[in-house]
Amino acid sequence: MAESLVFGFLLSVIRLSAPMFIAGMGNMYCERVGVLNLGAEGMMVSGAFAAVLGSYLTGSPWVGVLFGILAGLLAGGIHALVCVEFGGMHAISGLGLTMLCNGIARFLCISIFGSTYSPNVNSLQTTDILAGIPLVGGFLSQLSPLIYIGVILAVVSWYVIFRTTYGLRVQAVGDDPRTVETAGISVWRLRYSGVLICGALCGIAGAYMSLGQLDRFFDGMISGKGMMAVIAVKMGKWAPGGILGTALLLGLFDALQMRLQVSSVIGLSPEMLGMVPYLAGIAVLCLQRGKSDRPAALDTTYLRNKYKF
Amino acid sequence: MKGYGKKLQKPQRKTVVDIALPFLLLFLSFLFSSIWILLMGKKPLEAYAALLDGAFGSATGLVNTIKKSVPIAFASFAIIVSMKGNTFNIGAEGQLALGGIGATLAGALIPGLPAPLHIAVCILAGALFGMLYILFPTIMHVRRGVDLLVILLLLNNVASYLLQYFVLDLFKSDNALVPSSRPILESAELPYLIGPPYRMTIAILFVVVAALVLYWFFSRTVAGYEMRAVGLSREAAYYAGIPIRKYTSLALLLSGALAGIGGALEVLGNYHCLYTDFSPGFGYDGIPIALLCGSNPILAVVGSIAFGALRNGSLTMQARVGISNEIISVIQGSLILFVASNYIFRYLLNRRRRKEKAHG
Amino acid sequence: MGYAIEMREISKRFPAVLANDKVTLRVKEGTIHAIIGENGAGKTTLMNILYGLYEPDGGEILVKGQRVAFRSAMDAIRQGIGMVHQHFMLIPRLSVADNIVLGEEPHRGVRYDGKAAVQRVEEVCRTYGIHIDPKARVRDISLGMQQRVEIVKTLYRGADVIILDEPTAVLTPQEIDDLGLVLKGLKERGKTILIITHKLEEVMDFSDEITVLRAGRHVVTVRKEDTSIPELTAYMVGREVHLGGHKQPVDGSQVMLQLDHVSFHQKGRQALEDISLTIHSGEILGIAGIDGSGQTELTELVAGILPCDQGSLTFRGEDITRVSIARRKAGGIGFIAQDRRRHGLILDFSVEENLLLGMQRREEFVRRRFLQDGRRIREMAERRIQDFDIRPPLRTSRASTLSGGNQQKVVIAREMGPDPALIVADQPTRGVDVGAIEFIHNTLVEHRNRGGSVLLASLELDEVLLLSDRIAVMYSGRLIGILDAAEATREKIGLMMVGRRPEEVES
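Residue numbers (my numbering), protein chains in the order written: chain A, 1 to 309; chain B, 1 to 360; chain C, 1 to 507.
What the hints contain is simulated information worked out from the structure, not anything from laboratory work.
All residues carry an ideal CB built from backbone N, CA and C; glycine is no exception.
Hints may be right or wrong, so weigh each one.
Stated by the list, open to error - Some chain C residues flagged as far from chain A (calculated, every beta-carbon gap over 10 Å):
| id | residue |
| --- | --- |
| 1 | Gly2 |
| 2 | Glu9 |
| 3 | Asp57 |
| 4 | Gly58 |
| 5 | Gly129 |
| 6 | His131 |
| 7 | His198 |
| 8 | Glu273 |
| 9 | Arg376 |
| 10 | Pro418 |
| 11 | Asp433 |
Stated by the list, open to error - To be clear about the criterion: a stretch of chain C counts as covered by chain B if any three or more of its residues have a C-beta under 8 Å from a C-beta of chain B, and this derived list gives those stretches:
| id | stretch |
| --- | --- |
| 12 | 328-342 |
| 13 | 350-363 |
Required output: the full structure, derived from the provided sequences and hints.
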């Protein structure tokens with residue numbers, strides 16, 4: 001009994017931290033190329049809604065995920081256009097993007113489904129492909145396949161950042177775009193790529209939340225997960241391992257909160273418990289020390305020559 | 001947070017471009033939103049006509065527009081003040097809620113005061129709650145350099161839970177149709193400037209007074225000068241011997257207080273109690289206004305009325321044309337994105353002007 | 001011998017200025033060619049055009065006789081042109097080899113081949129006789145070393161023409177000699193080198209030919225053998241200038257400022273170590289040293305910007321060790337910070353608001369204890385603009401619209417206007433034109449003649465020698481020695497600047 005309780009709790013920690021981790025992985029690319037992304041929230045909302053829409057229209061949840069990725073890319077494209085191409089202010093763009101995506105998702109949701117809740121659609125089912133693995137197989141087969149994809153992404157991302165030429169350039173452009181440009185590399189192409197990868201990954205994270213955890217979209221479902229991803233990147237020191245650790249920590253608090261709501265052991269109201277994950281995020285943010293790994297050119301604009309006055 | 005006061009201000013003296021730009025950006029965001037309206041098979045022009053009619057077409061509409069602009073104006077003041085102190089208070093939405101809680105508590109629990117005094121106490125309570133709410137982020141930001149935007153955005157979520165807890169649990173009214181908090185006493189209700197049927201309270205006067213006081217503070221007082229110096233360049237201000245941490249903290253606390261007052265006025269003037277959704281995002285409305293008005297509080301009042309009109313008119317639009325009033329968020333979000341791209345528009349407009357000059 | 005580079009009638013206009021006005025430059029292959037001129041003469045613009053960073057508005061560029069059009073630095077690199085910028089273009093977190101190969105990385109598929117990178121860098125170094133450690137991280141190596149990394153970077157990309165922008169600004173005298181050797185070695189191996197500089201001594205040391213620019217125009221191109229420093233100065237400036245002001249004898253018996261065993265740590269590093277010195281009234285105390293020897297920290301510590309970890313400061317008999325910036329200002333210490341754009345001015349403030357900065361709480365500018373006295377402030381601003389000849393003479397213009405020289409005048413007007421007892425100046429003439437330098441020198445010397453004191457830190461040894469009554473030499477955060485101006489020579493100070501004791505220097 002106790003064992004299954006631990007088992008279930010562990011499962012819920014992983015399930016809850018997955019979107020923060022996947023979006024955090026995306027944000028890592030974004031911040032590593034020097035673009036601050038407070039719009040992760042908006043990208044996730046786009047992904048979540050588009051995924052449901054895709055599944056609703058075609059009946060296939062995987063097409064839904066594809067829709068989610070495309071919507072995330074689109075949102076990322078807007079952020080990239082503003083921050084990379086137009087020399088805009090990253091923080092403001094991120095806020096605007098979040099508001100815009102929330103607005104569009106709500107608007108479409110009401111216009112198409114007539115309410116801020118979408119109807120139930122076909123969602124992603126767990127698969128048995130890993131069930132054969134001894135000891136953990138049973139555990140793994142209860143996780144959404146999107147989590148497998150997330151884990152693969154983490155490994156790939158580590159390799160990409162630290163072992164490839166692209167990664168070398170990404171590290172360089174995050175610290176000093178001017179130097180990168182004088183080395184004959186297109187700063188803008190690099191920055192675009194980082195933001196777009198971020199958009200796609202946030203799209204997946206959003207799709208996971210609407211189709212992997214649930215089977216529908218509702219207004220406010222992302223509520224701060226995007227900001228948690230931003231925190232995870234900072235706390236995780238811009239590296240996949242660190243981000244995974246922070247996401248799990250944040251997920252732990254989320255799972256704890258949910259477990260307490262269900263069991264109502266301590267007499268706290270659900271509203272009070274709802275705050276716990278956010279307060280945990282704030283605590284993590286405040287306890288973070290040292291900024292030496294921060295990309296030096298984060299949150300700076302780098303304009304093309306043709307746009308200079 | 002570096003240079004918000006600076007980055008967001010106009011780089012040069014006012015030109016035609018500076019004056020035209022906000023209107024152009026507003027126009028573009030309406031254009032962008034039209035796409036979505038068209039996508040849903042509705043007619044944008046019809047929608048906007050309904051919006052305009054609802055906002056300004058009748059005396060009641062006009063009054064409602066002004067009513068809606070009160071909390072928006074205070075949110076924009078809050079953001080302007082934070083920008084002057086070289087930070088950015090994105091948490092106005094949360095502080096608005098806290099201000100509402102403060103005013104409700106003071107309004108409901110302190111009996112026996114004469115009306116003017118009770119109102120003053122309630123407004124102060126709202127200001128105090130808003131200020132207390134931003135105290136922790138301020139300390140973390142000033143002392144430890146914690147990213148203010150991230151912490152404030154998270155706190156907005158916390159505030160929304162706090163508000164729910166307050167309205168649904170802690171201070172709930174037992175005999176209301178819609179879940180709401182206990183009502184404030186009659187002595188705390190704002191008197192009417194124009195009585196029924198319009199029911200316009202004196203809240204708008206607070207807006208005007210606050211705008212004038214802020215304008216005066218920044219342009220005439222020594223502290224205002226010093227705060228502006230900190231806002232434009234923390235480093236240069238420090239080298240000039242100005243206590244920068246003090247001013248950053250002061251700007252944030254003042255900002256929180258202003259947003260708190262906005263929430264308090266909503267309670268005292270409009271609802272006389274709290275609802276979980278008493279603010280449909282007024283705090284966020286302040287952002288584009290503060291950005292577009294070049295942090296001038298008097299212009300911000302004009303901007304707030306425009307946004308009040310959007311909020312108010314969108315209801316008419318929804319009823320008449322059947323377009324969800326969520327389109328307002330689309331307009332706002334795209335407007336903020338256009339404001340963020342400010343630079344490129346300025347560049348394009350200036351280039352056109354230069355070309356014209358070269359030809360003429 | 002043909003021309004490696006020919007730039008014909010190059011023009012470039014920026015919104016405010018015509019930076020290059022039909023400039024023609026011809027550089028022979030296998031020579032070292034210096035381009036000299038004052039700040040704002042258009043040297044850097046011209047080189048940025050050659051390197052493809054700017055597109056010229058008019059004129060044409062020929063590389064080895066072939067017409068070329070550069071749209072980006074990449075195009076220039078392909079044509080064999082490399083540039084070493086004044087501010088190094090290196091990523092501190094990456095290794096030397098990573099930095100050098102960036103943009104043309106050896107790779108296997110998508111994988112970056114770090115080992116091959118190190119090998120190739122070593123190869124280039126061997127070919128040209130340059131010593132660097134490819135595996136070191138850039139953030140751990142000295143500026144002189146970083147410059148070599150930059151040079152190797154251009155060579156790795158197959159540069160035949162190497163442009164160096166103010167290459168000696170950050171180097172010690174010894175490193176400058178080493179650089180000379182490296183450059184000569186490159187010349188012998190057939191490379192063409194372009195140096196942008198305003199230091200005439202080095203021009204005479206390094207170069208074969210010299211081109212002088214003034215106010216965006218080409219003045220003359222001469223061979224080194226056919227010219228002299230005075231002649232070049234005249235070409236550069238276009239008129240006679242008198243630097244250094246007119247010193248008059250003053251009574252210098254009073255002690256103005258005393259530093260007693262002052263130390264300061266920063267980021268675990270000893271930035272200032274046990275410094276004791278005294279400044280008298282009617283005296284200019286110059287501080288010489290290579291960049292980063294602690295001069296800036298010393299001036300900022302006296303101004304109160306940095307705290308004093310150990311030791312004490314006494315100003316006119318009063319202990320000011322723990323006194324705030326504002327109170328030091330009010331008590332008579334004026335501070336001209338090194339970086340006027342970041343620390344000295346608020347660029348978005350008007351000239352008037354900048355002139356008030358730091359002075360806003362003085363009684364004369366305050367009414368009723370918290371309001372600004374607009375009339376008095378206006379009067380003050382107009383007086384200062386007139387006294388210090390700030391142009392344009394408008395108190396409402398934004399500081400950002402002023403030229404560098406006039407921005408510096410605003411800072412100096414503000415700090416010296418109230419006639420403080422002590423002026424602390426950190427590189428007050430950095431990046432301003434000769435006219436402004438003349439003015440600043442005169443102002444400082446007049447202040448001294450009136451019995452005031454000046455603490456002057458400068459990287460330009462000539463300036464220190466010209467203005468100071470006594471010269472303190474710093475090295476690595478320590479005070480190596482103090483010389484009287486009479487006994488100071490370039491050579492002596494040069495040796496002390498790299499840490500040799502004055503006693504050793506004597507022998």
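Do the hints match the structure? See the list:
Non-interface call for Gly2 of chain C relative to chain A: holds, since the shortest CB-CB distance, roughly 26 Å, exceeds 10 Å. Glu9 of chain C, annotated as away from the interface, keeps every beta carbon of chain A farther than 10 Å; the closest lies near 22 Å. Every C-beta of chain A lies more than 10 Å from that of Asp57 of chain C, the closest at about 13 Å, which supports listing it as non-interface. The beta carbon of Gly58 of chain C sits about 17 Å from the closest Cβ of chain A, which is more than 10 Å, so the claim that it is off the interface holds.
Residue-level check passed: Gly129 of chain C sits 24 Å from the nearest beta carbon of chain A, beyond 10 Å. With a minimum CB-CB distance of about 23 Å to chain A, His131 of chain C clears the 10 Å threshold, and the non-interface call stands. The beta carbon of His198 of chain C sits about 23 Å from the closest Cβ of chain A, which is more than 10 Å, so the claim that it is off the interface holds. No beta-carbon of chain A comes within 10 Å of the beta-carbon of Glu273 of chain C; the shortest separation is about 25 Å.
Annotated as non-interface, Arg376 of chain C keeps its C-beta farther than 10 Å from every C-beta of chain A; the closest such distance is 37 Å. Chain A leaves Pro418 of chain C outside its interface by the beta-carbon criterion, the shortest separation being 37 Å against a cut-off of 10 Å. Non-interface call for Asp433 of chain C relative to chain A: holds, since the shortest CB-CB distance, roughly 23 Å, exceeds 10 Å. With a cut-off of 8 Å between beta carbons, the stretch 328-342 of chain C has 5 residues touching chain B; three or more are needed, and the interface restraint holds.
Given a C-beta distance limit of less than 8 Å, the hint that chain B covers the stretch 350-363 of chain C holds, as 6 residues qualify and 3 suffice.
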